[in-house]
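Engineer: Residue numbers (this note's numbering), protein chains in the order written: chain A, 6 to 358; chain B, 6 to 358; chain C, 6 to 358; chain D, 6 to 358.
Hints in this document: simulated from the structure, not taken from any laboratory.
Just so you know, nobody snuck in bad clues.
Pulled a few chain A residues facing chain C out of the computed Cβ check, cut under 7 Å: (1) Phe39; (2) Gln120; (3) Gly121; (4) Thr122; (5) Gly296; (6) Tyr321.
Simulated restraints, written as ranges between beta carbons of each label pair: (7) D:Asp160 x C:Glu185: 44 to 52 Å; (8) B:Gln18 x A:Pro184: 56 to 64 Å; (9) D:Met131 x C:Glu185: 50 to 58 Å.
Built from N, CA and C at the ideal position, the CB exists for glycine as well.
4 protein chains.
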Amino acid sequence: MPTKQELLKQPIQHIDIKQHNVVALVDAMQHMAFSSRDLHRAASIYERMLLDTDCGVILCLAGSMVSAGLKQIFIDLIRNHMVDAIVSTGANIVDQDFFEALGFKHWIADDLLRQGTEDAMLRENMIDRIYDTLIDEEQLRFCDDTTEKVANSLDPRPYSSREFIRAMGAYLEQEGKVPEKGGVDSIIHAAYQNDVPIFCPAFSDCSAGFGLVAHQHARQDKPKVSIDSAKDFYELTQLKIANPTTGLLMLGGGVPKNFAQDIVVAAEILGNDAPMHKYAIQITVADVRDGALSSSTLKEASSWGKVDTTYEQMVYSEATLAVPLITGYAYHKGAFKARQGKRWSRLLEPVTA
Amino acid sequence: MPTKQELLKQPIQHIDIKQHNVVALVDAMQHMAFSSRDLHRAASIYERMLLDTDCGVILCLAGSMVSAGLKQIFIDLIRNHMVDAIVSTGANIVDQDFFEALGFKHWIADDLLRQGTEDAMLRENMIDRIYDTLIDEEQLRFCDDTTEKVANSLDPRPYSSREFIRAMGAYLEQEGKVPEKGGVDSIIHAAYQNDVPIFCPAFSDCSAGFGLVAHQHARQDKPKVSIDSAKDFYELTQLKIANPTTGLLMLGGGVPKNFAQDIVVAAEILGNDAPMHKYAIQITVADVRDGALSSSTLKEASSWGKVDTTYEQMVYSEATLAVPLITGYAYHKGAFKARQGKRWSRLLEPVTA
Amino acid sequence: MPTKQELLKQPIQHIDIKQHNVVALVDAMQHMAFSSRDLHRAASIYERMLLDTDCGVILCLAGSMVSAGLKQIFIDLIRNHMVDAIVSTGANIVDQDFFEALGFKHWIADDLLRQGTEDAMLRENMIDRIYDTLIDEEQLRFCDDTTEKVANSLDPRPYSSREFIRAMGAYLEQEGKVPEKGGVDSIIHAAYQNDVPIFCPAFSDCSAGFGLVAHQHARQDKPKVSIDSAKDFYELTQLKIANPTTGLLMLGGGVPKNFAQDIVVAAEILGNDAPMHKYAIQITVADVRDGALSSSTLKEASSWGKVDTTYEQMVYSEATLAVPLITGYAYHKGAFKARQGKRWSRLLEPVTA
Amino acid sequence: MPTKQELLKQPIQHIDIKQHNVVALVDAMQHMAFSSRDLHRAASIYERMLLDTDCGVILCLAGSMVSAGLKQIFIDLIRNHMVDAIVSTGANIVDQDFFEALGFKHWIADDLLRQGTEDAMLRENMIDRIYDTLIDEEQLRFCDDTTEKVANSLDPRPYSSREFIRAMGAYLEQEGKVPEKGGVDSIIHAAYQNDVPIFCPAFSDCSAGFGLVAHQHARQDKPKVSIDSAKDFYELTQLKIANPTTGLLMLGGGVPKNFAQDIVVAAEILGNDAPMHKYAIQITVADVRDGALSSSTLKEASSWGKVDTTYEQMVYSEATLAVPLITGYAYHKGAFKARQGKRWSRLLEPVTA
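With the hints as constraints, model all of the structure from the sequences given.
Structural biologist: Shown next, in the form of structure tokens:
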């Protein structure tokens, strides 16, 4: 049996779109067919979204995007005001981004391992697998414990996941887990610095959930920290009301897509005549024929009054191929240059540092 | 433009597996290849799960399963002790099941509509579309309002989604929205009567979210009902600890799959040496190559220590084809007959009615 | 290393739709959503096709349908006049059906094998794998040799694949490889007896190709048997001209789908105003977004003038699940009872046995 | 109703990989996960294939690759000795490449059209649709007629598709449909000039089929041109025997994949101990779970003795995204520079121009 060290040798390295000017390549794709043409249109809509300085850009993340090597892209989007809020699965933000901020890495799995025939061996080595990528489970347990620590440090009351993740950002700052102090950069810390709120509407199905369960278990009948998913929804809706022009950049589907689309309706229920999301892009390989939300077209979302159909585009591609091209295109076209950060966290939490 | 009445003419009718003995058909499939053989094996594992009276069966629902005509199956599973807990997206439970319990229906969309070219017309008619199925949005707003009513009736404190859904079951009982009083049967009410807990770990991304946002908005700074997703996780973990032998019957992936698998690890974190899920079935069309959790194999889950690989089977099929065959097989084999309801809700809430 | 005998223990057994009355089950699916509703509609269109006694039904086969356990269905369709011509990949007809007619079997692969990590071991054992199914390659070589024998027995000239396959049917008859003589039944022989022509427009990419290459190689500069794919096309077009009302029952896509659809245009080119295919069903999991013919919608085919859109239905399902339900429905509804065999082979080859 | 002119306004323009140096971008992908890492490995294997000057590179084309804007890539591969033989569906070579060589174009379809709701309107305008791309059917009929002319010009005997396509190349030359004479460049003509054989093993299911049917119909009982698919197979096998080291670059699956893989076995049957294909790449979105050849893994092909597994890689991507990156990588790395054209056509037809 190979040892853990033998298995965890080649780290995932995050692609840096700043190094690759793909503008001419993506522009050439507009004259082609199928995914290439759609990808160009999506990139153009993202550019347009950014040029519309009124537009608040909401990035939605489902799937294992951070462990797959896209982390630096999301950091660059935050630092260049190309995204104003993030809605994500917990795994991307806690198990993967926070995990790496704590100093850990994701590892490239040998090609054979993805077939699944060696998973018992991985199990014995306390190694977790995400398709073709490996994680040291002992390190992940440390990450769980750290979220418990963060929970223990907070006043016992209901928090939105956004508030909790902001506290995780503060924790990184305070522990020096930031580039300025020799740490690695992270989505959570970049968002903390730039007042970009991050929502994980199903916050408990990730490493944070383990920390929170441990916290609640330890507190027994004493007051405890809880995660109020309704508050998440209320907060994001308030952002929509305060900043009616919005655009969605969605990688994958799932809860983040559903949650972010729904705020249009929620705003209306609160008596505000919020417009539909003006721009919407989704990158997905999900097949529309299973009728699920993840695969449902943005046209279908327009029947629900959630997404306008003038500037919407779905791109049929696994994300690691399409995301560098779409975001790199907008970056190198300089579409972000006139933008100020919207600093939406301040809207929700007036007294920020 | 067609009127709403013209568009909403043919209701979705839920298939009744009790009427269709598929045992011989599914048994014949064991000697074939591809999805048919896998389907037979999944049905056999489900049967085995039920014959193992120690096993607590957790049904996971993602995708639009209730609006697609599978509701009666889930009700029958509950009433025949073929499922002991449900983990679901909010849409299945609130927007679809509770919605129908309130007396509303889902409607068959004309074939043309699924192409998405008529969504603006649907929008004008206040009709929402789920692929090939239609919903009267005005009725859905009534459903939102009803969840607000339920929220308003509760003491202001953090609730697990399970507690809230149980309150929805009590509401249906109290309002007479039950078969005994001429209403239609529902998953929520069958679960209420049979003490089957229902968890929606991302409870706010559905009709319940709208009701809860309205509730929290109206309460302003006063104490309010909140939905604690960590409590959901804690509760389900407690069930795993109390009843170590468990099996998963998963339709689709997403948060329900992730959440239900994770409780093995959570139990361990709480100091309990819980075994992996002993049985696991997933029906999905998601493609493993995007690396997402929804499509990840049950073998991959074993590397995380979540699912044992002796009795696991994925079935590549859209759910409306596979679910009637798999559940119908187990039903007509009589596998449930020796089972008592586990009445897990009582474990979590000792003083039940 | 396991031996060949240990690996080839459980044979594929073909499902017998005559034993499973699925009418009520499929009828219940018409009120549901997604694949189930589409499957019901496809089954109804197939029934309608059969009730229209003018209609010539063309069955198109791509993918490994015979080795997957569907062979008996195709035989039953032929013997009950539910299909009038077959267009197939070579593998289904030669490597799989003729192969079994020669007395060989396909075998169930242990679940592990489909991951591909044991393929080198299979190679050493001279075992070929089709996903979860195994074939003894030595037996397949015998099948190759037999097609060479058939080629050697023919006058050297260009043959349509249909003519060659008819000669294979005659060979089975003459060798006593038929049920009446203790052999197993086959598509080729049932088609031979019922004058159902079988076309394999890419005849050389299968076991027949190996036999024919050996034949041509041995003949060197002497006159030889050749396979004229243009003649295939010409013959099928003549059937369309002689019998203008046609319907397609397509399993998978590929060359068979393209070829069978194209005859409408070919008829027109020959100066005959042939109507589009009046009925069309396709069962496939191919995703429309790659723009390929296999996944292209039947609506798209209507832009080419190939398929009418009044009675067309695609069903999103792996074939082993959908085909028994669709064909079983039509069979048990008795839709074939008023039909006479069209005996199309006689149209092409006036002097048949 | 829009006119044909209004519908056919924006032509497909073919991407030119020579203009886009993607080496750094693709190199960055090797450290990521999922499709990006696989794409890098495929690009590296293609580079390795080219550096191995013994290796004969066989390009396999299925799907609508030429109309999608990839034509110039294939021309560049031929002219830079990056491909030594092509196996394709007929559509790519005849309906799309030859069609454009005759002076026609493919057109970008308005986004709405791909939904299929306007296909009747397209039909009335004699416009054919390939997903999001349009073709003037009247021009396609001219293409059919031209293949008939080519057939009429040949001695009546069986031809391999390769011979026929070579005759099409000669026709273009003779008619001045070449860049040197103001025409547009084409795969067929570049292959003609560079002695790169092109095989379409199912030659009749395309525009050539229409021309050949017309030819055979007009000849009645007189000797006629026929297309011998067995000869195709025999010829390609001879190339494998003459040049044992081979690599496959496969876009899509279908007949081209099957046919090209099979020649290893055919060589063996002819008594030559040909090695498996040493290198193999496939770009596809087909899902392995339907058990079809198109989606079958290259590992599975190794159980058949067709593909070696040391240098094989499948890439999960729609082709228009992956092909420019993979081929552009090998091109800009200069991997082709030490290569001479293998001029395989001369092997098959000793006396070439």
